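For what it's worth, the UniProt record's numbering labels the leading residue of the sequence shown as 1, then goes sequentially.
No lab work stands behind these hints, which were simulated from the structure alone. On a predicted model such as this, the values are computed, not experimentally measured, just so you know. Every residue, glycine too, gets a C-beta built ideally from N, C-alpha and C. Treat the hints with care, as some may be off.
Derived pair list, reagent style DSSO-like, types lysine-lysine, alpha-carbon separation capped at 27 Å [to be verified]:
no., residue 1, residue 2
1, 36, 89
2, 90, 36
3, 130, 89
4, 90, 130
5, 100, 89
Label pairs and their in silico Cβ distance ranges [as the list claims (entries may be wrong)]:
no., residue 1, residue 2, range
6, 79, 105, 32 to 40 Å
7, 19, 59, 23 to 31 Å
8, 85, 41, 16 to 24 Å
9, 57, 99, 42 to 50 Å
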Amino acid sequence: MVTLLLVGLIGTAVAAGYQKQATLDYTGIKITLDGKEITPTDANGAAVEPFAISGTTYLPVRAVANAFGLEVGWDQDTSTVTLDTPQIKKPTYITRTGSKYHNDPTCNGGTYWEVPYSTAVGMGLEPCDKCVH
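Work out the full structure: start from the sequences and follow the hints.
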């Protein structure tokens with residue numbers, strides 16, 4: 001167990017700070033998914049540890065997303081972490097004569113057939129700008 005000193009600044013013009021003492025706990029916190037223990041990893045595959053601060057457990061977002069097969073992104077402009085289902089796992093729809101594949105079977109009011117993503121890409125279809133994100 002490690003004691004962590006957190007220092008924060010309040011206000012923009014006045015740098016009035018405060019200190020808070022908290023307990024940081026790295027003592028063997030495990031994660032299980034559907035009953036199986038998983039080892040959380042970072043973007044490079046290196047193991048990362050979950051930890052607890054004063055009784056609240058924190059998990060690395062990328063490690064949790066990896067466990068669920070999600071893609072992780074970071075939007076620097078809005079300071080937002082994004083979690084997305086990989087395109088290959090999303091439902092994919094095509095029309096008989098179209099040049100695009102879709103994730104929304106009602107996009108543009110067409111009649112669509114669901115196909116594997118690999119089929120749509122193999123046919124040379126491009127993603128629809130309206131419904132494929």
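These are the hints, each one checked on the structure:
no., hint, verdict
1, 36 <-> 89, "holds (22 Å)"
2, 90 <-> 36, "holds (25 Å)"
3, 130 <-> 89, "holds (18 Å)"
4, 90 <-> 130, "holds (15 Å)"
5, 100 <-> 89, "holds (17 Å)"
6, 79 <-> 105: 32 to 40 Å, "holds (34 Å)"
7, 19 <-> 59: 23 to 31 Å, "holds (26 Å)"
8, 85 <-> 41: 16 to 24 Å, "holds (19 Å)"
9, 57 <-> 99: 42 to 50 Å, "holds (48 Å)"
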